[in-house]
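Here the protein sequences come in this chain order: A and B. In terms of the numbering used here, the first sequence is numbered consecutively and its last residue is 248. In terms of the numbering used here, the second sequence is numbered consecutively and its last residue is 70.
Treat the hints with care, since some could be wrong.
Unchecked claim - Dumping the calculated SDA-like pairs for lysine to any residue here, alpha-carbon to alpha-carbon at most 25 Å: (1) Lys91/A x Lys8/B; (2) Lys52/B x Gly22/B; (3) Lys8/B x Pro159/A; (4) Lys80/A x Lys161/A; (5) Lys94/A x Asn41/B; (6) Lys94/A x Arg11/B; (7) Lys155/A x Leu70/A; (8) Lys8/B x Cys178/A; (9) Lys52/B x Lys76/A; (10) Lys173/A x Ala23/B; (11) Lys8/B x Ala184/A; (12) Lys161/A x Arg49/B; (13) Lys13/A x Gln3/A; (14) Lys94/A x Gly38/B; (15) Lys155/A x Asn17/B; (16) Lys155/A x Asp39/B; (17) Lys76/A x Gln19/B; (18) Lys76/A x Ile165/A; (19) Lys161/A x Lys8/B; (20) Lys91/A x Asn5/B; (21) Lys161/A x Ala184/A; (22) Lys80/A x Asn41/B; (23) Lys173/A x Thr45/B; (24) Lys155/A x Ala67/A; (25) Lys8/B x Glu182/A; (26) Lys161/A x Asn41/B; (27) Lys8/B x Gln156/A; (28) Lys8/B x Leu24/B; (29) Lys161/A x Ser57/B; (30) Lys161/A x Leu24/B; (31) Lys76/A x Arg49/B; (32) Lys76/A x Asn164/A; (33) Lys52/B x Asn5/B; (34) Lys91/A x Gly26/B.
As the list claims (entries may be wrong) - Listing some non-contacts, in silico: residues in chain A with all C-beta distances to chain B over 10 Å: (35) Gly25; (36) Ala30; (37) Asn53; (38) Leu83; (39) Gln84; (40) Phe107.
Treat the hints as calculated values from the structure; they're not laboratory data. All C-beta atoms, glycine included, are put in the ideal place defined by N, C-alpha and C.
Listed here are the chains, written in short residue letters.
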Amino acid sequence: MKQQNQNRRIYVKFTLTMVCCAILGAFCGAFASANNASIADLLSTSSEFIYKNNFAIVLINLIFLWAGTLFAMSGKKHAKQALQDDFAFEKANKHLCISLILSTLSFIWWFFSLSLTAVSIFQGVVLSHFVLACLLIAEICWVTALQSVCVSVTKQINPEKNGNIFDMKFHEKWYNSCDEAERAQIGECSYFSFRIMTMVYPVAIVLLIFAGTVSSINATLLLGLSVLWGIQHLSYQIRSFQISYLKK
Amino acid sequence: MPLENRLKELRAAHSLNQQELGALVGASRQTISLIERGDYNPSITLALRIAKVFNKSVEEVFYLTGEDSQ
Chain A
1 MKQQNQNRRI YVKFTLTMVC CAILGAFCGA FASANNASIA DLLSTSSEFI
51 YKNNFAIVLI NLIFLWAGTL FAMSGKKHAK QALQDDFAFE KANKHLCISL
101 ILSTLSFIWW FFSLSLTAVS IFQGVVLSHF VLACLLIAEI CWVTALQSVC
151 VSVTKQINPE KNGNIFDMKF HEKWYNSCDE AERAQIGECS YFSFRIMTMV
201 YPVAIVLLIF AGTVSSINAT LLLGLSVLWG IQHLSYQIRS FQISYLKK
Chain B
1 MPLENRLKEL RAAHSLNQQE LGALVGASRQ TISLIERGDY NPSITLALRI
51 AKVFNKSVEE VFYLTGEDSQ
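Produce the entire structure from the sequences given, and follow the hints as far as they go.
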């Protein structure tokens, strides 16, 4: 009886969510079509603003890199006592994790900066592009060195860990050197990321549909996004099928 | 977390740090730390290995609390 009530509540909640989404969608669609020109202007203004501030965007990455380096240095400092002192180990591990998060953020920001610079260069090379290119090269070297330091210090405090970030099989080797708790943690984090992306893809497609109401959207962009969504979802489900029925 | 343990207390009694206990039971230091904090429930194999190091039964190291203990 309790289970039946719970199921009924799930269906009601689902239906209400769908109705709310439909109302919101209709409202947004009506708003977009009524303000065609202003939304198109807003998009082009924001795009211009981003391109104009290309230099600042490249420089912002230095903040992530600097912060990441500070945490890595702190992790390295605590790592010296980590083998004897459990408290120092926890501290070193925590700071190295934060440094790795910042280096990942920096790596993604670097790709964004690179794409902006590349588009600007294709539109015509000017002197400032050489400065940008030099900055981008310096940043990618810094990110790589930072990640390398994080991994080597982590290996220092966890001697059982294997893997070199320059090795193409780094993730596989690292995973193989993890024990049961660490693998469970990796699984939990991967599932969390999967759930987030499951929400992000449909939202991104809906946003593209709205963008399509004010200006023409390249069909390959929609196809590309759908393919990425498919790869993410299907790779999860096919792997799950393999583990359940095929892997011996 | 209904599963609790006396890992920290036993480790201190045997003068072992997390690194040394991890090496003895074939687990990482991170795992020992997670078990001690109650953030991870070890597998039966690992629980047996830990109990063996301290020369105790699994129930003497790990125990259930609250409703689940009945």
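Would you mind confirming whether the straight-line C-alpha gap from Lys155/A to Ala67/A stays at or under 25 Å?
-> Holds: Lys155/A and Ala67/A sit about 21 Å apart, inside 25 Å.
For the pair supplied as a hint, Lys52/B and Gly22/B, is the alpha-carbon distance within the 25 Å limit?
-> The given pair, whose Cα atoms are some 13 Å apart, holds under the 25 Å limit.
Please work out if Lys155/A and Leu70/A have their alpha carbons no farther apart than 25 Å.
-> holds (19 Å)
Given the hint that Lys76/A pairs with Asn164/A, test it: the Cα-Cα distance must not exceed 25 Å.
-> holds (18 Å)
Is it true that the CA of Lys8/B sits at most 25 Å from the CA of Ala184/A?
-> holds (22 Å)
Measuring Cβ to Cβ, find out whether Leu83/A lies farther than 10 Å from everything in chain B.
-> Violated, because the least Cβ-Cβ distance between Leu83/A and chain B comes to about 6 Å, which does not exceed 10 Å.
Regarding the pair Lys173/A and Ala23/B, is the alpha-carbon distance no greater than 25 Å?
-> The given pair, whose Cα atoms are some 20 Å apart, holds under the 25 Å limit.
For the pair we were handed, Lys155/A and Asn17/B, check the Cα-Cα distance against 25 Å.
-> OK: Lys155/A and Asn17/B at ~18 Å, within 25 Å.
Verdict on Gly25/A as a residue remote from chain B, using beta-carbon distances over 10 Å = holds (41 Å)
Given the hint that Lys94/A pairs with Asn41/B, does the C-alpha gap stay at or below 25 Å?
-> holds (21 Å)
Proposed proximity, Gly26/B with Lys91/A (alpha carbon, max 25 Å) | holds (23 Å)
Distance restraint between Lys76/A and Gln19/B, which requires alpha-carbon spacing of 25 Å or less = The hint holds at about 18 Å.
Checked against the numbered hints given earlier, the structure breaks hints 9, 22, 29, 31, 38, 39 and satisfies all the rest.
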